[in-house]
Amino acid sequence: MAKAKKGIFFKRWLLLVVPAVVALTLLVRFLNNSKASDLQNLLQNLPKEISQSINSAASSQKSDADLMQQFEALANEIKKKQEEQSKQYEKQRLRLEKQIQELQQIPERATLREKLVYAFRYDTKSKFPAYIWQVKANFGGDLEDILDRERNWDDKNPGFVHEITNEDMAETLVRHFYSGIPEIVEAYLALPSTVLKVDFFKYLVLLARGGVFADMDTNPLQPVPNWIPEEIEPHKIGIIVGIEHDANSPDWRSRYVRRLQFGTWIIQAKPGHPIIREVVAKITEVTLQRKKDGALNVNLRNDLNIMSWTGSGLWTDVIFTYFNDYMRSGILRKVTWKEFHELNEPKLLSDVLVFPQFSFNAPVEIKNDDPNKPLYFTTHKGRKSWKTAPKVESN
Numbered sequence: 005m006a007k008a009k010k011g012i013f014f015k016r017w018l019l020l021v022v023p024a025v026v027a028l029t030l031l032v033r034f035l036n037n038s039k040a041s042d043l044q045n046l047l048q049n050l051p052k053e054i055s056q057s058i059n060s061a062a063s064s065q066k067s068d069a070d071l072m073q074q075f076e077a078l079a080n081e082i083k084k085k086q087e088e089q090s091k092q093y094e095k096q097r098l099r100l101e102k103q104i105q106e107l108q109q110i111p112e113r114a115t116l117r118e119k120l121v122y123a124f125r126y127d128t129k130s131k132f133p134a135y136i137w138q139v140k141a142n143f144g145g146d147l148e149d150i151l152d153r154e155r156n157w158d159d160k161n162p163g164f165v166h167e168i169t170n171e172d173m174a175e176t177l178v179r180h181f182y183s184g185i186p187e188i189v190e191a192y193l194a195l196p197s198t199v200l201k202v203d204f205f206k207y208l209v210l211l212a213r214g215g216v217f218a219d220m221d222t223n224p225l226q227p228v229p230n231w232i233p234e235e236i237e238p239h240k241i242g243i244i245v246g247i248e249h250d251a252n253s254p255d256w257r258s259r260y261v262r263r264l265q266f267g268t269w270i271i272q273a274k275p276g277h278p279i280i281r282e283v284v285a286k287i288t289e290v291t292l293q294r295k296k297d298g299a300l301n302v303n304l305r306n307d308l309n310i311m312s313w314t315g316s317g318l319w320t321d322v323i324f325t326y327f328n329d330y331m332r333s334g335i336l337r338k339v340t341w342k343e344f345h346e347l348n349e350p351k352l353l354s355d356v357l358v359f360p361q362f363s364f365n366a367p368v369e370i371k372n373d374d375p376n377k378p379l380y381f382t383t384h385k386g387r388k389s390w391k392t393a394p395k396v397e398s399n
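Last residue of the sequence shown: 399 in this note's numbering, with the numbers rising by one and none dropped.
Possibly wrong hints are sitting among the right ones.
[Unchecked claim] Straight-line Cα separation of at most 27 Å, DSS-like style, residue types lysine-lysine; simulated pairs:
| no. | residue 1 | residue 2 |
| --- | --- | --- |
| 1 | K129 | K351 |
| 2 | K119 | K296 |
| 3 | K140 | K129 |
| 4 | K385 | K296 |
| 5 | K371 | K160 |
| 6 | K342 | K140 |
| 7 | K377 | K342 |
| 8 | K160 | K351 |
| 9 | K95 | K85 |
| 10 | K342 | K286 |
| 11 | K129 | K95 |
| 12 | K91 | K119 |
| 13 | K342 | K160 |
| 14 | K91 | K129 |
| 15 | K371 | K351 |
| 16 | K95 | K240 |
| 17 | K385 | K351 |
| 18 | K119 | K377 |
| 19 | K296 | K286 |
| 20 | K140 | K385 |
| 21 | K385 | K371 |
| 22 | K119 | K385 |
| 23 | K160 | K240 |
| 24 | K160 | K377 |
| 25 | K351 | K131 |
| 26 | K160 | K140 |
| 27 | K140 | K240 |
| 28 | K131 | K160 |
| 29 | K129 | K160 |
Honestly, the hints are just simulated from the structure, not real lab data. Model, not experiment: these values are computed from the prediction.
Let's have the full structure, built from the sequences with the hints guiding it.
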């Protein structure tokens, strides 16, 4: 009985275990086959997926680069606009500053020189203004020659404003520039001769606006910017002059006021220069005193009268006074005519650049081997047109 029960139990166990083992075996085989298939598919698709990943990364990098370029372009555009705005603001500031200066009233109790300092400041670091001033007065001369010289000044200096005024326009400019200093206008109008007025005008316009003043009988050989030697820094120069006369004979007093004189037919200056200012003050004082004394009418055919009143004699005296004023020039030693005697190259003394006699009075015919050729800047006919004027000319 016991053996029969044991046999039945064993059969039941086999019926349960065998199907379970078979099922487990089939499951393992299925899983193994599935993993192999997936792995095979994975290996087959791996290069494709890697390529897609690389392309995706490259595309993303390119997109980032494009985005960075757009940002840089935008930043540059913003910077450019800011710079343009800054320039506009600076222009507006300068314009407003100029308007404020024009509105400012010169103190009534100020002396003539104080008024001139107040109205026309001298900035040593400023640039020479690109102006060329000339006055076409009724002095006669060949019209075609005059027109040729005018064209030469234009052609040689295309970046400059070339202002050629007549007597009426010169008076208008004087009234405009010196409206706040009536004694200047009074002195200008009181001068008894066109010659004297042209002389006075050159100083007045250079004091107010600066630039180059050139007499109508001058002819340029080189552009104005070529005048300053390369070894001299322009900001160290305030005024440029040339020697008119350097006496080698003892009888110089019959023709000139000083043994060595500086010329006035070519002057280049920055606005407000102290030398120009002092010349303007002296001419004004002398003229108004002559008017008060009834002594305006003089022999205008006498060179010495003009030289001493408005010309190169007065001009020379003021320049040497400037050199010997330490507070203005910074020069400690005594400066005399010997400093420039037989000068053959440019010389900078204080802020005054002095050229040899031949620089602004160059020969008409120049040889190629002439060693002074690089320093020939203008010719000067020296017409002295006032020689044909009446001895006494009244307004």
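How the hints compare with the structure:
Between K129 and K351 the CA atoms are separated by roughly 19 Å; this keeps the pair inside 27 Å, and the hint holds. For the given pair, K119 sits about 22 Å from K296 by alpha-carbon distance, which is consistent with the 27 Å threshold. Taken as a hint, the K140 and K129 pair is broken in the structure, with Cα atoms around 32 Å apart against an allowance of 27 Å. A threshold of 27 Å between alpha carbons decides the hint, and for K385 with K296 the separation of about 36 Å lies outside it, so the pair is violated.
Distance check on the hinted pair: K371 and K160 sit about 20 Å apart at the alpha-carbon level, within 27 Å; holds. For a cut-off of 27 Å, the pair hint linking K342 to K140 is broken: about 36 Å separates their Cα positions. Only pairs whose Cα atoms come within 27 Å are accepted, and K377 paired with K342 is accepted, the gap being roughly 24 Å. For a cut-off of 27 Å, the pair hint linking K160 to K351 stands: about 24 Å separates their Cα positions.
Our distance criterion of 27 Å between C-alpha atoms is met by K95 and K85, whose separation comes to about 15 Å. For the suggested pair K342 and K286, the alpha carbons sit about 25 Å apart, so the restraint of at most 27 Å is met. Of the pairs offered as hints, the one joining K129 and K95 holds, with about 19 Å between alpha carbons and a cut-off of 27 Å not exceeded. Of the supplied pair hints, the one linking K91 and K119 is violated, its CA atoms being roughly 32 Å apart against a limit of 27 Å.
The suggested pairing of K342 with K160 is violated, with an alpha-carbon distance near 34 Å, which exceeds 27 Å. For the hint linking K91 to K129, the alpha-carbon distance of about 20 Å falls within 27 Å, and the restraint holds. For the proposed pair K371 and K351, the alpha carbon gap of about 24 Å is at most 27 Å, so the pair holds. For the given pair, K95 sits about 26 Å from K240 by alpha-carbon distance, which is consistent with the 27 Å threshold.
At roughly 25 Å between alpha-carbon atoms, K385 and K351 fall within 27 Å of each other, so this suggested pair holds. With a C-alpha separation of about 43 Å, the suggested pairing of K119 with K377 is violated against the 27 Å cut-off. For a cut-off of 27 Å, the pair hint linking K296 to K286 stands: about 15 Å separates their Cα positions. Between K140 and K385 the alpha-carbon distance is near 15 Å, which keeps this suggested pair within the 27 Å criterion.
A hinted pair counts as satisfied when its Cα atoms are at most 27 Å apart, and K385 with K371 qualifies at roughly 19 Å. Between K119 and K385 the alpha-carbon distance is near 37 Å, which puts this suggested pair outside the 27 Å criterion. For the hint linking K160 to K240, the alpha-carbon distance of about 24 Å falls within 27 Å, and the restraint holds. Restraint check: the Cα-Cα separation between K160 and K377 comes to about 17 Å, which is no more than 27 Å; the hinted pair holds.
The hinted pair formed by K351 and K131 meets the criterion: a straight-line CA distance of about 19 Å does not exceed 27 Å. For the suggested pair K160 and K140, the alpha carbons sit about 19 Å apart, so the restraint of at most 27 Å is met. Distance hint between K140 and K240 is unfulfilled; the C-alpha atoms sit about 32 Å from each other, more than 27 Å. For the suggested pair K131 and K160, the alpha carbons sit about 19 Å apart, so the restraint of at most 27 Å is met.
For the suggested pair K129 and K160, the alpha carbons sit about 26 Å apart, so the restraint of at most 27 Å is met.
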